[in-house]
Structure formats: C-alpha cells, structure tokens
Amino acid sequence: MTATPELSYVRILPEIILSICGIVVMFVEPLLPQRGSHKSLGVFSFVGTLAALIASLYQTNYPGWGWFNMIRVDEFSVFFHVLICAISAVVILASFEYLETQEIRGGEYYALILFGTVGMVLMSSAVELVLIFIALEISSIATYVLAGYRRRAATSAESSIKYFLLGSFATAFFLYGVALMFGATGSTSIYTISSALQSGQVTLGASSVPVSYSLAYVAVALMFVGLGFKVASAPFHIWTPDVYEGAPAPVVALMSTGPKAAAFAVMLRILFGAGIDTSKAWFWLVWISAALSMTLGNLGALLQSNVKRMLAYSSIAHAGYLLVAFAAVIAPNARDTGISAAIFYAAAYAAMNVGAFAVVSHFARHGERYVNFEDYAGLGKRSPILAATLSIFLLSLLGLPATGGFFAKFYVFNAAIKSDLIWLTVIGLINSAIASYYYLRLIVVMYMYEPQPGEEKLQLRAAPGLTAALVITAIITIWLGVRPAGVLDYATRGASRLLPSFQQSSNLSR
Amino acid sequence: MNSGPNFNLWVIPILPLIGSAINGIFGKRFPRNLVATVALFFPGAAFAYAVWVVSQFAGLSQAQIPHIERLFSWIEAGGFRVDYGFYLDQLSVTMLLIVTGVGFLIHIYSVGYMAEEGGYYRFFSYLNLFMFFMLMLILAHSYLLMFVGWEGVGLASYLLIGFFFLKQSAAQAGKKAFITNRIGDYGFLLGMFLLIKHFGTLDYDKVFNAISGLPVETGVGMLTATALLMMVGATGKSAQIPLYVWLPDAMEGPTPVSALIHAATMVTAGIYMIARSNILFLHAPIAMRVVAIIGALTAIFAASIGLVQNDIKRVLAYSTVSQLGYMFMACGVAAFSAGIFHLMTHAFFKALLFLAAGSVIHALGGEQDMRHMGGLRKLIPWTFWVMTIATFAIAGFFPLSGFFSKDEILWPANVGHQSGTQHAHAAAHGRSGHGGHVHESPWVMLGPLVVLAIGSAVMGWVGWPEALGGKNHIDKFLAPVFHTSSEPARSAENFSATEPQKSDSPQDEIVLERTLAAVSLATALAGLGLAWLFYVRRPELPDRIASSMKGAYRTLLNKYWVDEAYYSTLVNPVVDGSRRVLWRGVDVGIVDALVNGTGTVSKELSGVTRRMQSGSIRSYAGWVALGAACVVGFMIWMGLHT
Amino acid sequence: MPNQPLPYYVNYLPVLLQIVVACLVAGGMVALSALLGKHRYSRTKMQAYECGMVGTGDARQRFSVKFYMVAMLFILFDVEAIFLIPWAVIYRKLPAAIAPALGAGPRDFSARMFGFWEMLVYIGIVLVGFFYIWKKGALDWNATTEKTDF
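Those sequence lines, one after another, are chains A, B and C.
If you count the first sequence from 1, position 173 lands on 173 in the numbering used here, and the numbers rise without skipping.
Start counting at 1 in the second sequence, then tack on 510, and there's your number in the numbering used here.
Start counting at 1 in the third sequence, then tack on 1152, and there's your number in the numbering used here.
FYI, nobody ran anything at the bench for these hints, they're computed from the structure.
All residues carry an ideal CB built from backbone N, CA and C; glycine is no exception.
All clues given are correct.
A short, non-exhaustive set of chain B residues, derived as facing chain A with CB atoms under 7 Å:
{"no.": "1", "residue": "672"}
{"no.": "2", "residue": "693"}
{"no.": "3", "residue": "696"}
{"no.": "4", "residue": "703"}
{"no.": "5", "residue": "1134"}
{"no.": "6", "residue": "1141"}
Make a model of the complete structure from these sequences and hints.
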C-alpha cells in the first residue's frame, strides 16, 4: 500500500521537474537584462516540459500509489501527463515568435506556463479531492494571469478579469461539492468514496452512519459545475468566447486544450473511480449538457466574424462531443469504449486545436489586429504552406476522414450507438454537418477570396519555433487519423485502469 | 480467400496520389508540359496496372473471388478491427476499369481544356487526388475504408468545383456540394455504427456473411434501418431526392471536372455502395422499395426540370440526376447488374456529352447558353458528330449503348429524360449566330472524345439481351456478386404465398423484354422527333407552349422552388436563429433580445434587465449560477426519485 | 445505554454554543444601546468619522496601484508565514506519522529529518518569490512605473 520513498518521488517526478524549472525561470528572469526577448528562458522551459514528458513515460514502469494514496500513477495518468506536457511544449515553441511580434517580454510567461502545467498534470494523477482542488487552482491561476498577458490591450485585460472572476466562482462550486461529498461519505479520497457509496455505510470515528445519497448527488452536481466550467460545456460555456477572444493566441491554444484535458481527466477519475457513473441522474445530466454544448457551440460559431471567437465556440461544441462519450458509458458493455473514446478525443482535439491557434497566433501579427475572417482572405496565395496547414487542422476539427478529428468523432459516436444513444448521436451528427459550414467558410476565405488591398505581396514566414510546432501538430493530427491504433490502444488501457473491476483485482498493488 | 495471388492492389490508388503530391508540392515551379506529363503519367500508369490486374483477375477461380488483400492493421480496439485492405470482385473490377479508363481519358482532355487557365498544377493535383480517393472508395474492403474514399472524393470535388477562385458562385456551389454531401455522409456513418453494433465488424465479407445468415426482415428492423441510413448516404453522393440540389450548382467547376466527378464517377458512388451492399438491401425489402421510389421520383422530377433549363451544363446536370435516378431505381427493384451496366454506359456517354459540351464552350469562348449555340455543325464537325453519337446513345437509340442499358432497367417514364439530349442535340442543329471566331478544339481534346464516342457506341453490346439474340455478358459477369445473393430475396417472395405470384416464365419475360425494347425505341424516336420539331423545325413553338402553360413552365424553370424551399425552411432558420438567438441574444445579452422580441415588458422588469446588462461579467456569473441551480436542482430531483 | 456511541454531530456542540453566544452578545449590545441610549442627530454627528477633522470630499478616490501591490504582497507572505505554525506544532510528531509512508522506522534519520527538509524546500520557494519581487522593484516605493512594468 505504501511506497518506498524513492518511488514516492518518482510518482510526482514530472511535477517536480516542472516546478523546479518554473522556479528557476522566476529566479533567473530578474537577473537578465530588462530589454531583450528572454528566448533563452523559453528554450529552457521547452526543455523542462520535454524532460517532464520523458519523466512521465518513465513512470510507466512504476505504476502505483504515492503520498498517502493521494497520487496514483497508472496508464491513465501517464497518458494525460504526456498529452499535457506535449501541449505545453508545443505552445512554448509557438510562443517564441508570438512574444516577439507582440513585443511582450517572456520571462514570467514561460514560468506561468510551467506552473500551469504542474497543476494540470497533477490533476490527472491526483485521486484525492482536496489535492485535485489545489491542482485545479494552480492551473487556473496561472492561466488567469496568462489570459491577461497582452497588457496593452483592453480586450486582454477584460479576458483575464472575466476568466478570473467567473473561474473562481466556478471553482468555488467545485470546492463546495468536495465538502458535501465529504459530508456524505466521510472521505475525500476517491477510492474510499467509491467503497462508501457501494457499501452504503460511512465509518466516522467509532460510529457508522448510512451514506446520504441525495447529498452525494448534490455534491456530484456541484463538482460538475466546477469542472463543466473548465471544459466550457453548456450551460457553463458563457465565458468562453470573450475570454478566448481577448487572451493571447498561444495562451488560448494552451487553455483550450490543457486545462480542458485535465478537467476531463478529473471528471473521469471522480465519476468512474467513485462509481457514480452508472446512476441515471448522472447520465441525464451529461446527456443534456452534451446536447446543449454541441448545439449552442455550433450555432454560435456559425456567424462569427472573428476567427478566435469562432474557434472558441467550436471549442464549446467539441466539449459537447466529448461529453457524448461520457454519456455512452451508461451501458455496461460500452464502458471501456466510452472512456477510451473520451481519452482519445481529448488527445486528437488537443493536436488540432493547438495547431489551429498556433497558426492564428502567427497571422494575428502585431497587436493581434488580424483575427477576422476577412483578414484571412487570400492567405492561400500569400502563405500557401501555412494556409494548407491551417486547412488540415480545420478539416480535422470538421471531422474529415484520415484526420485525428474524424477518428475521435468516430469512436465517440460508435460508443454512443453501442449504448443505444440514438438521439444523442443524431444530434451530434447534425451538429457536425452544421459545423462544416463555418470551418469551410474559413477555408473558402483563405483560398477563394482576394487578399485585402495592399497585402497581396505580404508574405508571412513562420519562425523556426512556430514551424516546428506546426509540423508536430500537423503530423500528429494526420497520424491519429491514419494510424490511430497505438494511441487508441494506450487510451483503452488507461480506460481499463479506471474501471472498478480492475481496481478491485489489483487494488493498491505496489 | 487469401489464398489467391498477390496483385499488390495498393499500387493502383497510390499512383495518382503520388502524382497529386508531386504536382501539389513542386508543380508551382514546373513548366506546364512537365505538370501535364506528371498528371497524365500516374493515372495512365494506374489504368495500365488496373488492366493488368483485371487480366490476372480473369484467371482466378470462382473460389478465389472475392479476392482480398490486407496490408496492415489500421484500428484495433477491443474486438473491433479494421485493416487497410482491398477487395476485388466482378463489381469492383467493372468500376475499376470505368474509373481508371474514363478518368484517364478525361485527364488527357483536361490538358487541352485547361491550357489557358491559371493554377494549372493545382488543378491536376486536385484531379489526381480525386482519382486516389475514388479508387480507395472502389477497392476498399470495408465500409470504413470506403468512407475514407467517400469523404475524400467529396473534398476533392469541393476543391475542384471551387477551382475558379474568383467566382463567388463557384465558391458557394462548392460549399453547398460539400455540406449537402456531409448530411448524407452522416446517414452512412450512422449506418456503419449500426453495423458495428450488431456485427462487430465493417469488413464486407464478414458483414455479408453475417447478414446472409439472417432472415429477411418483413417489418422495419435493424437491417432496414441500416439499409435506409446507407441509402441516405447514397442519395447525398448520387444526387437523389431530397439531396440532389448540389449537383446542378456543381457545374460551376471546370467542364472536365463535371465530366469526371459529376457525371462519370463520383456521383455513381452511391449506386456502387448500394450494389455493393446488395445483400443488406435484399434483406430489407422496405428499404428496397424506398430506393426504387426515390429513384423513380428523381428520374422524372429532374428530367422535367431539365426540360426548360438553358445553360448547357445545367441541362446535362439535371439529365445526370435523372439518369442516376434510373440506376437507383434499378437497384431498388433488385436489378443490380442492370444498374451497374447502366452506370457503365452512362459513364461513357455522359462523360462524352460533357466533354463535347466543354468542347463547344471552349470553341465559343465560354458561352454556355444553348440558345446561342446554333449552327455549329460546319464550324466544329468533330465535336458535332461525337455529340450526336452521345445524344443518340443517351436517348436509348438502337444499337448504341443507352438502348441496352436502359432497356435493362425497364424504366417507366421515358419521356422526361429526353430533355438533356433534346437540348444538346438541338444546340448543334440550330441556326448560326456566330462570327468566324469559332474554332475546332485541339486533338488532345478531340482524341478522348472520339474514344469515348466509340465506347458509347459499342459499350452497350456487352449487355445485349438474350431476348434480342445477344449474350448479355455483363449480366453473367456480375452474376456472382448479385445473383447468388439474391436467393434469399426470392425465397422471401415465395414466403408470401398469399399474394398471387406474377407469371415469371421465361417465355413471358422474352415477350415483355421485346415489347419494352420496342417501346423504348419508339419513345426515343418520339423524343428526338419532338426535339427536332422544337428546336430545328419550328423554334417558336417552345415559346408558344411556354406562354400557354405559364404556370408549369415557371415551376420548371425555377426548379420547383426546391432551393428556395430549403433555404426558407432549413438554412435560413438555422442561420437566422443563430444570429438572432445566439449572436444577438446570448452574446450581446439574451435579455436584450427578450425585451426587443416581446416589446412590452413591465417597467420594473426592464429596469432589472437594464441593470443586468450594465456589467456583462455579472450577467455571465448569473448565467453560471443559473446553470448551477438547474444542475443542482435536477440532481436533487433525481436523487429524490431514485 | 452506556455503550451507545454518541451521535457524531455532538462533536460540533461547542461550536454551536460559541455561535449562539457570539450572536447574543453582539446583537444584545447593539440592541441595548439602541434601546437605552439617547439619539440626537445633527449634521456634524452624521459625518464620517475622520479623527476629529472635518471630512473632505468623497471616499471613493483613485489611489496608486502601489497600495494594492503592497497589500497583496503582504497577504501573500503573511499566509505563507502562517504555514510555519502548524508545522511547528506537529514537528515532533512528524517522524512517527511519516515513517510508514517512507518505509522507514520512526527513529530513522530519514523520518526524523523529513519535516526539516520539507520546510527548507518550502522556505526556499518563498525566498525565491521574495527575491523575485525585490529584484522587480515591487517593494521599492519610489520606483518608476518603468521598472515595475513586469
């Protein structure tokens, strides 16, 4: 049940590496000359995220528990660790050029990304609600600040303050849910909660009281509010467009994927780890939220004239698709399919969305002035390679076969059909059809419209860092469509680690 | 089944993909000749290889067909597994030859046709890409791989329709085609999910085996639902009611594209898919009936619209829709081999018609209105003659190909379809209105036309019905794919013994066939005569008829207002709704929209709303709180009821 | 029923009593003064209390962001320092509690020094933060905005 000290440290090795790197960046930054790009710090942070990524892979050899059973390392946590570290690494790569064109000094920027990453990775490996809450706050606070990093722009400040106020409002709900869950089951450890909910008895001191299930329900609802806010699912999506519009584009790339993936990981942990998932109430909650998210997201995106805003609405819609997989878990035979579909979706969405925002960050240019559809006119001619890359991401978001987006959707809806969720699937597919409208609109604008006057000759060349980021994301996006087997296989194994059957058989080994 | 020789089938689709990649990446720096060489070489090589494969295929024993080649695993998740693999049987062989053969000819033609246009390399890159996806679609050994090709051809078609960047209408048409197709594709996708759910696989051989073990569904069950969903996919791709609206608009693309994609190959994918799934459809009689009805309706409907259109390419488009309707109908009445046969002959003569029309347009420097096309026989004789052959072929004139294939389908409404041909025909005969600038197309364009014309003329002979003293090779060739599988359907018919069976003795069939052949020929003649009367002999007659039947004429001219209906019932509500409710409403503040919408709200309430609007963060927080209240309330309610 | 365990919530009885007493005392004082005291309102009396001086202007003024900065930093370091107290309180019990998790005996060096090292790490991080704000000039009241522009 307990681990030797070295192993305990191994189980939080990525977090340790990221924290140390972040602290070093904070320490070195004031010592550097005030003027200058601080790109060296960025390179250092990039190496740090890569090291954390490798450390996560190294963890595969040492699955198990650590730190008073607050941490659990298994394929599931490793999957999300790798995913989140990769997101951060790519975002850092994409930020080099962005910070230079926006004339933002990058020191703390990289440190904040690293700290945010610590929070996110910790969310995926924590199995204790209070620790999860702390991790959630670490990642949130970092992203709140990052959202306001374009300090000369009013929209960025607006974005930051909105994200901060509403975000703390929402996490308060989560905390309240944790408290109620403690009240209902007498524990904050997910696996103790699970056994309490199954046996129906709570041991408190010397006495034993029955579990209050209605209290547990309310607790789940409240936690769902907090996490639903983080993943931008309806009806807690309202902040998304404003925040994404104002925040710096690479930061949006991070916060539309990293915290989202982490929050989904937490949702999976709490709901399937604690064994709440099969309840009817939970199912309908997710069902409604999924249907609403998909519909509101896609309809909202239809008429946007701002690309970042469009992608924000699309992000809401994608949260909806992902929730479909959550709803699919209701049927016993579709459980692992549903969970692995959700995990795979998170990965595929991260690849294509980070890529899309990386391109947006490049085209936005100084002061993020060029983020409207008409600014993309003629990009197919001006920067053919970049436009083609963006097209790949958009086609993947749209769900065209041979891209990651297609397979993600395919698995999700396959799981849904397996659980007889015909209506939800139909809603989802209709929404996908609607979605093609606005993704295509951007492609049409890029390829089929003439550039704005005076910009015909303007060639935009991507810097090496950004190019690397785009190449990586594009390759992953296509790879996930052409050869998804490996990732899917790993996602399935991660999913199996969440299911109670596994937990009981190999409970608390090592 | 894997015992057969290895043909390396993957080579066939890969070749055009390589061509596409080379032209797409380096084409910008290539001289035109090199681009053309690359663009021709790879499809040509694919065609040559396909011919070789077919010659080898002929040597396979019956037990070795279908010939399946698996490359490597694509997805493996739990018990569900899909490979990259190819499937070769008589049906795919037929399609393979059509696609590579006609496709190659059209590529040659395009070299001449696009010579003057910009973006030469891009065009050929897309065209080769299309070939790749189309070949994937045909050769795939599972529905999922077929779907990759299926969506891929949609994408390629979108790129090619919108090829003329500068035309707004072209961009719009491309988008319309893509989105309409997407709707159908989701039907297909849902059908696939049902297959996975019930059979746990998407491989043709496994699915077909599983289905043939099931009884024929009398009511609406799983198989019928699956078949109907698949059919929705097919209606999208093959432009049937209600999803046909994109095809006429798709004519905005360059003419070779219309010929290749929107006449000969891509639009037949739906027919191919239904024919491929014939076992599924035979087990779902209700779905079959729906297919037949949709096909018949589309055939008549589209033909009647085509009657009064003036743009030569639109006329051909509606004619294509109508012809596809016949093929659909053929599938719907279990005459799959007839449907495929017509698909084949249609590929030839419709490609020919389009290319010839393209040649005319080319000759006239972009003129597409048929009313300005009179008197071209002397000016462009080659084009005229091949067009004449095509026209006679499509009209079902003995002994050209259309006669046989149409005759096979035994279609009921012969009159309507004539429209396209009448017009095309009339165009060449009518009175001249041109100066001397009209010129015959170059041989690089005429060559393919002549080959296609010969094909149109003689292709039908492989399906010469036995009743007329022929052998009907195509029917025999395709028999293993269809007839073996139609056994359950026949036995199913026998189950319903209460219904009196129609007399199906061979003697009656021959008589029926001969009668229909005669009727078919007669209507063809009548149609041509009518066309001659309208457009050559008394050109004022159509106008007179039009004015005397104004209502009907306008209805047809406006295409039954279907586009308008779709816009007002589907597109506008979604777009407007999202504009009103979501953009103005939620984005700017839903309360505002509420106030504006209802107009009279009590003063206190508007005071409250104004305060709510003052700080949007507060209203956002309100939304979050409201959502939270709903969620918590819902959970409490559920908690009390469980 | 001597062996019957008391309900769990009995543990919270003192808290409840505390709340009741606090409410009674606070409410009682306000109520008593309202009931017993004399009320003579005048203009001077109703003014905001400003150390005997006459009030000038509105309280809602804009003032320098530096005040916020100092307040924020104060709270940060204040809270961080408070964490030392619970640590100090349980410091002696720590080895026994931590030993199983470390797989060591309570008298082993690693268990005894665990709390010490952990606190050193913690203080180290706090010091890095302190160093950071110092070098950034956040503590320098006279610094120009140029320098604090981070």
